[in-house]
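Those protein sequences? They're chains F, A, P and D, same order as listed.
Okay, so the first sequence: first residue is 1 according to my numbering, each after it adds one.
Okay, so the second sequence: first residue is 1001 according to my numbering, each after it adds one.
Okay, so the third sequence: first residue is 2001 according to my numbering, each after it adds one.
Okay, so the fourth sequence: first residue is 3001 according to my numbering, each after it adds one.
Hints are computed from structural coordinates only; laboratory data are not their basis.
Where is the CB? At the ideal position from N, CA and C, for every residue including glycine.
Fair warning: there could be bad hints in the mix.
[To be verified] PhoX-like mimics (lysine-lysine), calculated; alpha carbons at most 25 Å apart, straight line: (1) D:Lys3068 x P:Lys2309; (2) P:Lys2282 x D:Lys3167; (3) A:Lys1027 x F:Lys6; (4) P:Lys2406 x D:Lys3308; (5) D:Lys3068 x P:Lys2327; (6) D:Lys3167 x P:Lys2406; (7) D:Lys3055 x P:Lys2233; (8) P:Lys2168 x F:Lys89; (9) D:Lys3308 x P:Lys2309; (10) D:Lys3068 x P:Lys2331; (11) P:Lys2336 x D:Lys3167; (12) P:Lys2336 x D:Lys3308; (13) D:Lys3337 x P:Lys2406; (14) D:Lys3068 x P:Lys2101.
[What the hints assert, rightly or not] Pairwise CB distance ranges (calculated): (15) D:Leu3008 x A:Gly1064: 46 to 54 Å; (16) F:Phe38 x A:Ser1110: 28 to 36 Å; (17) F:Tyr115 x D:Gly3152: 53 to 61 Å.
As a plain string of letters, each chain reads:
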Amino acid sequence: MLGLNKRDTSFLIIVILLTMFTPFLMQPFSEGSAMAQFNGGYPDLMAKVAIFGIFAMGFNILFGLTGYLSFGHAAFLGVGSYSAVWMFKLLTLNVFPAIILSVIVAGLFSLLIGYISLRRSGIYFSILTLAMAEMSYRLAYSVFTPLTNGETGLQLRPGDPRILDAADASRYPNLFGLELSTSYKLEVLNHVFTFNVGFYFCAVIAIIAFYLTLRIFRSPFGMMLRAVKSNQNRMSFTGLNPRPYTLAAFVISGMYAGLAGGLLAVMDPLAGAERMQWTVGGEVVIMTILGGAGTLLGPVLGAGAIKYLENIFSKINETVLHSWFSFMPDGMEDVVVSFFAFFTGKGWALTLGLMFMLVVTFLPGGLVEGGQRIWNKIRRKKPDTPNNNPAE
Amino acid sequence: MSILEVENIGKRFGGLKALDNVNLSIKEGTVHALIGPNGAGKSTLLNVLVGKLVPDTGSVMFDGQSVLGRAPHEINQMGISRVFQTPEIFGDLSVMENMMIPCFAKRDGSFRMHALERMMDEKQIVASAEEMLVEMNMIDKREMHAAAMSRGDKRRLEIGMCLAQQPRLLLLDEPTAGMARADTNNTIDLLRQISEERDITIVIIEHDMHVVFSLAQRITVLAQGTPLVEDTPDNIKGHPKVREAYLGETAV
Amino acid sequence: MSTSNFTRRGMLKTGAIAGAGLALPQILSAGSHSSYMNAPTGSTVTLGFNVPQTGPYADEGADELRAYELAVEHLNGGGDGGMMGTFSSQALQGNGILGRKVEFVTGDTQTKSDAARASAKSMIEKDGAVMITGGSSSGVAIAVQGLCQEAGVIFMAGLTHSNDTTGKDKKANGFRHFFNGYMSAAALAPVLEKMYGKDRKAYHLTADYTWGWTQEESIAAATEAMGWETVNKVRTPLASTDFSSYIAPVLNSGADVLVLNHYGGNMVNSLTNAVQFGLRDKIVNGKNFEIVVPLYSRLMAKGAGENVKGIFGSTNWHWSLTDAGSKAFVKSFGTKYGFPPSQAAHTVYCQTLLYADACERAGSHNPCAVGEALEGFEFDGLGNGKTLYRAEDHQCFKDVLVVKGKENPENEFDLLEIVEVTPAAQVTYAPDHPMFAGGELGACNAG
Amino acid sequence: MDVIILQLLNGLDKGSAYALIALGLTLIFGTLGVVNFAHGALFMIGAFCAVTLQKVLNISSEAIDPTKTDFLGNPLVVKTPYVVNWFGPETGALIIDWSVPLALLVAVPIMILVGFIMERGLIKHFYHRPHADQILVTFGLAIVMQELIKQGFGANAIPTGAPDAFKGSYDFGNLLGFDPNVIIYPYWRMIYFAFSAIVIGAVFAFLRFTTFGMVVRAGMADRETVGLLGINIDKRFTIMFGIAAAVAGIAGVMYAPINSPNYHMGMDFLVLSFVVVVVGGMGSLPGAVLAGFMLGILESFASMNEVKNIFPGIDQIIIYLTAIIILLVRPRGLMGKRGVMED
């Protein structure tokens, strides 16, 4: 189906199902229970996971397949966001023109940066991309303020021209009139599930992006990219110039980043310069490695893990901890709470750092390898389980 | 008719003369061996031929066209393939994929995306890759991780990958180094077959004189970056200067 | 990764929901069940405290959080009531807000617009917060203010000093108690004139982003109006950590005053560097060389150590004020935490009380009703004297403190001394003042 | 002319800070082949050695002074540092005043120990892993280190002054025949420059004139061969890591009076120091030092308004722009070696 073999088709279907049921999967705990704090099924987080999943998927096409480690992909994310918001301001709040422009502009920008950076390899390439992204960030924050609105970020204003929109059209990003912020809530057995138009929009695009990634992985082009990573020497002694292949991968991943940037602006029409900072570019590197570089699902898992940790752990403050451990005797409760407070709330970054260290040390293949190990253990216990292990 | 003309090649590394005024003419359809002690400049010469090194002086003409100043992949496209001393294959890819890449290169030497095509839909390429694997006697290993194979198998694969491109000139850098005697004999047979059936010119660097004298029609002896003598194997065997300088220390 | 396992679980779930959905069909769309976003339905109301907990302003954030917790305690009738006793409006009863117990959620802005908005969104979408407050920088404040306007909740800004927050980026749902760059300049200029005279040459070092520019614009205009000459304005990159190459040429320029339009880490480092270069020991044009830091923060002044001694600046509030409100606040904060509150703590405490009070007076949490209750609201007893929440731009107009780094501090908190309390009238400007023009409040949004 | 001399001084001073950090980073790159993103954190921990020593020296006995009150109106608690109690007011005050130079003595053993633990406990498992993994694990470590420091010391900067004797600045203007005040430079920055020069010189001398250094240099040139010689290169790598950590640490200690230390100062320097190392050329110690000084000087000149008026915002990007140009003109940076970190 869709040019995929049977195994990949079932893999794609599983991914589609997982994505479509995200509002349930990320909301496992009932309202009011102590564990409700860990529910992540609200629109913003779900959409962020989808968007950063796209970002990481694209990055993985470059890094996972060719091995070129770029620290500058934040620049394309930022450029995508700026393009989308400008489109909102000038033309229309319909999301399609904005997203299309984001992808195009990011593609052109990555062509320029890729053309220059790919003249070098290894750490020299990494530093070139880092330098260009950091330059973009700093200029966007200061000198380019008329274009980017600097520190405050580019945002919508009532006075924007929006020449294609009717006077009574929606004032928020919309899908032909349907506002992306519209949500439907389903209350079942004390669970509240939120179905948000914006999330499903991002989810559909993420699935399309995933499908394209799958096709690229399975294509001769994908094979060539892996060949670049494996042995550039043999590649050129086989009559193939690696440069166009790496550049194509760079531009494709830049376009994915631009798409993600555009979607960020669609979900929340504000584009800030911080999106271009090297820390954001570093974040996508981390997502990809954490999930499993070069695997199909790994980068998405990595993106989910980091965004979840950032948004959920940072909200577990001492008051919440006290409410969890209130059953303990007073002195003990304080000790336990102050221990956990070290890792949650304002200490969430510590947990993040520890997680990087543990995963990289013990699971060199990232979270996907962890999943595989667990799967293998289960399989060894039940040898008759069918061998269905598509998340390679 | 000579296919490769090397004239006055000189290359210095700092104060060291790696190649000094090398002249060489390779006849089409022959097996030509380069021998000489370590450091004689054999590998440096090969590196010049494939575009990995740019010489300080001289010219290299392949089939009437200059090779110098071209990138390695362009030289390869002209019809020169090379087998390295340590096998250079795509270790992270399967054996089949390793073989498909030169088949692709043969068809699309210049860059084409193929990004949304299915690899297995490339029937012609799959077929020719499989054919080559059969010929190399490796078809049963097609799904194997290339890096996991034995050294001998890697060498066979590399030779197969070069042949898949149907080159006119094949350069081999010590193809039997570190091989057991049986493997060496297999390799000799393979190379002889290549030379005779496929009409491919072969330049081979080799220390094992058994291999050299079983295969070569012409032999050039290099010493200290410069050709000492060039002749047929029989004459080389009896050449006093060569015996003294090189073969004297080697049991023939 | 065992994807097939996931599917099985996913299938089970769907089944269960389909069944339950039949039994209990209750599909709601936003706003259909109530007249405004996140209207509290039970016996509690949730506020969202969105402060920097990581990144360079984490200490300000921590102090804000302390003040929030104190405010919640007071609103719910705990503690000594703090400024609730001195607040001129006596609508608050100590029984929560409108009889609902106040609960809160916290989040980390990381001092980044994206993270701050994500955190605010999660408070609104996940926790049902009806008001968002906090922050320690203008970029974040403006970003979150815009978000709250779109989402339909009230935003009570924390520490944000840029003119734009209530200028060109003002929003109907956003309110600022803190003062701004213009007010700093208007309060400082007369004091500088008195101390340093009319004939001065000023050299500006300015953080190269929006807040820095509005601060520079404000202070340059105010000092030029009283006769000072601006010799040079130099922009410094936000990411700078070492200002030596910007400080070194100052003396060479013939200037005799250095104005540091810096905040946070920039301010600590540029001031430290300026003192290091011995600028303050020099005599230029026959006068002592002076340094001015328009926006002072005690927590940050601490980072610059002894270098702040004798240096003028302005601040929103200081714990050494002796009015009843300030004393009550310092007492309850100091008793609870063991040290005096910062200006960031003060402003967010006031904002929380002001919000609760407006709800009481409006009789609703509806953002539009609350906004209406805050607009044009005049009050006293929150530490800054008589204050007006101006309806036109949602900016508080109140007395501004001009302070000086103390020469002989008595303890580690005693870093600043109040030189003058500039009355509100002197720092008030027209709503359409050019430095604030270009924006419009728009209509309030209730979601 | 005076402005140019002034910015040259500045550039040398900035450059010495960059060079010193890049030197330690290159030692680890060159010898161990490890991309250490925690190097900035080591620099930061060095600075906090100075902060901690200052705090330790200020540990005080407490007495209540009933005549004064604190901010809440309670009787004031008067604190007197134990050092003052033990050594008398003058000597005690002097010891506290000299806490930064004294911290060097504390920092060296602490940093070597931190380096040993880091190398043995973590880094050694990553010698044969991809550089991306090394980056991730050391980045994680850097986050953990800085979060721990934040939990202990807070997020705001902590003033850590130079001894009184070195406060203030020297007027070069008079010396060189310019107007007074036009070229002034702080004493402590000059000390920092001299200190950097000494440390850089010491590291070079150590590598050149000791057997240990020769083995390490051989290891930098060709790691495999040295391993084949039967030399216990592991032990030397550990020691090398300790030395690199100590260099970063003492650089941090001496930097504390220039800018008050805060927990994220390491991250602020991290990217910059990587750029310096790469511009210098991977694995080249002289390259790192040269690049450090070059970028420092360029940055100083770019911050002048005369330059900024021609190229707006040039001071924001000068370092990155220079890095790009140099890498495009010289593929392996100023003095890089072929094949180091190119794959």
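Okay, the hints, checked on the actual structure:
1. D:Lys3068 x P:Lys2309: It holds: about 22 Å lies between the C-alpha atoms, which stays within 25 Å.
2. P:Lys2282 x D:Lys3167: holds, 14 Å
3. A:Lys1027 x F:Lys6: violated, 53 Å
4. P:Lys2406 x D:Lys3308: The given pair, whose Cα atoms are some 37 Å apart, is violated under the 25 Å limit.
5. D:Lys3068 x P:Lys2327: OK: lysine 3068 of chain D and lysine 2327 of chain P at ~18 Å, within 25 Å.
6. D:Lys3167 x P:Lys2406: Status holds; Cα separation ~20 Å.
7. D:Lys3055 x P:Lys2233: violated, 39 Å
8. P:Lys2168 x F:Lys89: Measuring from Cα to Cα gives roughly 17 Å; hence the hint holds.
9. D:Lys3308 x P:Lys2309: violated, 32 Å
10. D:Lys3068 x P:Lys2331: At roughly 17 Å apart (the allowed maximum being 25 Å), lysine 2331 of chain P and lysine 3068 of chain D satisfy the hint.
11. P:Lys2336 x D:Lys3167: violated, 39 Å
12. P:Lys2336 x D:Lys3308: Judged against 25 Å, a Cα distance of about 51 Å means the pair is violated.
13. D:Lys3337 x P:Lys2406: Cα-Cα ~56 Å, so violated.
14. D:Lys3068 x P:Lys2101: Status violated; Cα separation ~41 Å.
15. D:Leu3008 x A:Gly1064: 46 to 54 Å: 59 Å Cβ-Cβ, so the 46 to 54 Å window is violated.
16. F:Phe38 x A:Ser1110: 28 to 36 Å: For serine 1110 of chain A against phenylalanine 38 of chain F, whose Cβ atoms are near 54 Å apart, the range 28 to 36 Å is violated.
17. F:Tyr115 x D:Gly3152: 53 to 61 Å: violated, 47 Å
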